[in-house]
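Novice: Residue numbers (the working numbering), protein chains in the order written: chain A, 1 to 201; chain B, 1001 to 1162.
Treat the hints as calculated values from the structure; they're not laboratory data.
Model, not experiment: these values are computed from the prediction.
Built from N, CA and C at the ideal position, the CB exists for glycine as well.
Keep in mind that the hints are not guaranteed to be accurate.
Here are the computed distance ranges between Cβ atoms for each label pair [said to hold, decoys possible]:
1. A:201 with B:1078: 25 to 31 Å
2. A:104 with B:1108: 18 to 24 Å
3. A:52 with B:1038: 31 to 37 Å
4. A:103 with B:1060: 39 to 45 Å
5. A:167 with B:1070: 40 to 46 Å
6. A:68 with B:1049: 29 to 35 Å
7. A:169 with B:1111: 30 to 36 Å
8. A:151 with B:1078: 22 to 28 Å
9. B:1047 with A:101: 44 to 50 Å
10. B:1042 with A:167: 29 to 35 Å
11. A:129 with B:1049: 28 to 34 Å
For lysine-lysine, the following BS3-like pairs were computed, each having C-alpha atoms within a straight-line distance of at most 30 Å [as the list claims (entries may be wrong)]:
12. B:1112 with B:1133
13. A:36 with A:102
14. A:56 with B:1103
15. A:79 with B:1044
16. A:36 with A:61
17. A:157 with B:1044
18. A:124 with B:1044
19. A:163 with A:101
20. B:1086 with A:79
21. B:1047 with A:24
22. B:1086 with A:102
23. B:1112 with A:102
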Amino acid sequence: MLKHGRIFALIYIIMLLTACCAKKNLVVLLPDPDGKTGRIEVINQGGSQTLNEPNKAVAVKSSQTAPEPPVQLREDQVKKLFGETLNALPPFVAHYILYYKKDSTDLTEGSERILDDILGLVPKINPAEISIIGHTDRVGTIESNFRLGLDRASQMKHLLVSKGINENIIDVSSHGENNPLVRTADEVDEPKNRRVEIVIR
Amino acid sequence: MKKIIHQKSFKEASLKTILCWLILLSAFFTASATAADEVIGYVKTIKGNALIVRENKVMTAHINSSILRNDILKTGANSSLGISLKDDTLIALGSNTELVVSKFNFSPAEGKLAIFLKMLRGSVVYLSGIISKLSPETSRFSTPVGDICLRGTHFAVRVEGG
Chain A
1 MLKHGRIFAL
11 IYIIMLLTAC
21 CAKKNLVVLL
31 PDPDGKTGRI
41 EVINQGGSQT
51 LNEPNKAVAV
61 KSSQTAPEPP
71 VQLREDQVKK
81 LFGETLNALP
91 PFVAHYILYY
101 KKDSTDLTEG
111 SERILDDILG
121 LVPKINPAEI
131 SIIGHTDRVG
141 TIESNFRLGL
151 DRASQMKHLL
161 VSKGINENII
171 DVSSHGENNP
181 LVRTADEVDE
191 PKNRRVEIVI
201 R
Chain B
1001 MKKIIHQKSF
1011 KEASLKTILC
1021 WLILLSAFFT
1031 ASATAADEVI
1041 GYVKTIKGNA
1051 LIVRENKVMT
1061 AHINSSILRN
1071 DILKTGANSS
1081 LGISLKDDTL
1091 IALGSNTELV
1101 VSKFNFSPAE
1111 GKLAIFLKML
1121 RGSVVYLSGI
1131 ISKLSPETSR
1141 FSTPVGDICL
1151 RGTHFAVRVE
1161 GG
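Input sequences plus hints: build the corresponding full structure.
Specialist: Okay, here's the thing in structure tokens:
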């Protein structure tokens, strides 16, 4: 907590110099693409306010005046205030990496949990596109690793389809051992390279 | 005889030390060189006039222009700029906006995760990426009137004047 305070104090010095002519400053919390809403805290020298509901807004007069109590904005008000900026936001893309056991199409225990995030997100992006790319470590031949990568990706596709995701939106490919996350010499069984990468856009 | 052996091993040892230092130094220089030039994101959308200021050099931003650490992103009147960073963070700048990507460390394999964005003026829409999701305590967004602490989130900010 103390450490936090010190970091902030340092930044305020810079801010005081730039905040000379602020008129109306506003922070609005927006819903995430998956429909959930996060939480933000607006903090300055005067105090802080927490926002945790969609389209709640807080006005801040200056770096030394506490942020004002949050107000609820309507969606059309947010569009009016931020329309041109919202339109400039690039399309949403999510990347996931799931790891595999050695020379196998079995996921590591930690990676199984990421599946739930993916299954929760996909239905909320409409229309969604999913790319699954299989990768391997460098143990074995280039050809056998290409096949293992493809097996991992195809098996992942089947898993997602079995959980209710439309198979027509899923594209599967393999990079074999040629696109490692961690560069190694040949025949090294680096666990971080045994993976599928899933891109949802 | 004994003395000679001793001298030889001393020589070997000092040679080893020098070698170690050379390796360390070269590792340090390559590391800092890649860190400075590392691409951390790309321009994805543009309207009107958008600039990237890098080490006092002003460049016009184009679709797919690279973004490096400490780049200052600037937009003019009736302009906008949309960027995506390597951890899937999405940022949009509205007109008359200025934002600096001060810090961006994205090496989940090594546990190095940090992002620090400094907004100087204008309007920004921010959609947090993997860094803020995994490490909210090292994710910061500062404005001239206060800091916004992230908890895995999408928000919009507007700072007038300046």
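Novice: Decide, hint by hint, whether the structure agrees.
Specialist: Here is how each hint holds up against the structure:
| no. | hint | in the structure |
| --- | --- | --- |
| 1 | A:201 with B:1078: 25 to 31 Å | holds (29 Å) |
| 2 | A:104 with B:1108: 18 to 24 Å | holds (22 Å) |
| 3 | A:52 with B:1038: 31 to 37 Å | holds (34 Å) |
| 4 | A:103 with B:1060: 39 to 45 Å | violated (50 Å) |
| 5 | A:167 with B:1070: 40 to 46 Å | holds (44 Å) |
| 6 | A:68 with B:1049: 29 to 35 Å | holds (33 Å) |
| 7 | A:169 with B:1111: 30 to 36 Å | holds (33 Å) |
| 8 | A:151 with B:1078: 22 to 28 Å | violated (52 Å) |
| 9 | B:1047 with A:101: 44 to 50 Å | holds (48 Å) |
| 10 | B:1042 with A:167: 29 to 35 Å | holds (31 Å) |
| 11 | A:129 with B:1049: 28 to 34 Å | holds (32 Å) |
| 12 | B:1112 with B:1133 | holds (13 Å) |
| 13 | A:36 with A:102 | violated (36 Å) |
| 14 | A:56 with B:1103 | holds (28 Å) |
| 15 | A:79 with B:1044 | holds (21 Å) |
| 16 | A:36 with A:61 | holds (29 Å) |
| 17 | A:157 with B:1044 | holds (29 Å) |
| 18 | A:124 with B:1044 | holds (23 Å) |
| 19 | A:163 with A:101 | holds (22 Å) |
| 20 | B:1086 with A:79 | holds (27 Å) |
| 21 | B:1047 with A:24 | holds (24 Å) |
| 22 | B:1086 with A:102 | holds (28 Å) |
| 23 | B:1112 with A:102 | holds (25 Å) |
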